[in-house]
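In my numbering, the protein residues as written are 134 to 200.
Hints in this document: simulated from the structure, not taken from any laboratory.
Heads up, a few of these hints could be off.
Stated by the list, open to error - Cβ-Cβ distance ranges computed for the label pairs, FRET-style:
(1) Gly141 with Cys194: 38 to 46 Å
(2) Ala187 with Lys135: 28 to 36 Å
(3) Ile140 with Arg169: 30 to 38 Å
Quick reminder that beta carbons are idealized off the backbone N, C-alpha and C, glycines included.
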Amino acid sequence: MKTLQKIGAVILMAAMFGGCAYGGVAGVGDKVVITRNDAFLFGVLRKVYVCKVADSGVSDCQTNESP
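Between the sequences and the hints, there should be enough to build the whole structure, so can you do that?
Have a look at this one:
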């Protein structure tokens, strides 16, 4: 029984501190908004970037900017 409790505790800790990451992209005029969200500690590492779009790709990425 104690082994089962230890396994349950390890699974619970893994769910709290690990998890999947996802992102999204949305275009606004000549800029694109790129979001990245981690499930690590309930989204502590959430980032949003605003980048300019060019033929060669995205450039001049800024954080904390309004598109």
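Going down the list of hints, with the structure as the test:
Checked against the hint of 38 to 46 Å, the pair Gly141 and Cys194 passes, with Cβ atoms roughly 42 Å apart. Evaluation of the 28 to 36 Å hint for Ala187 and Lys135 yields a failure: the beta carbon distance comes to about 60 Å. At about 32 Å, the CB distance of Ile140 to Arg169 agrees with the hint of 30 to 38 Å.
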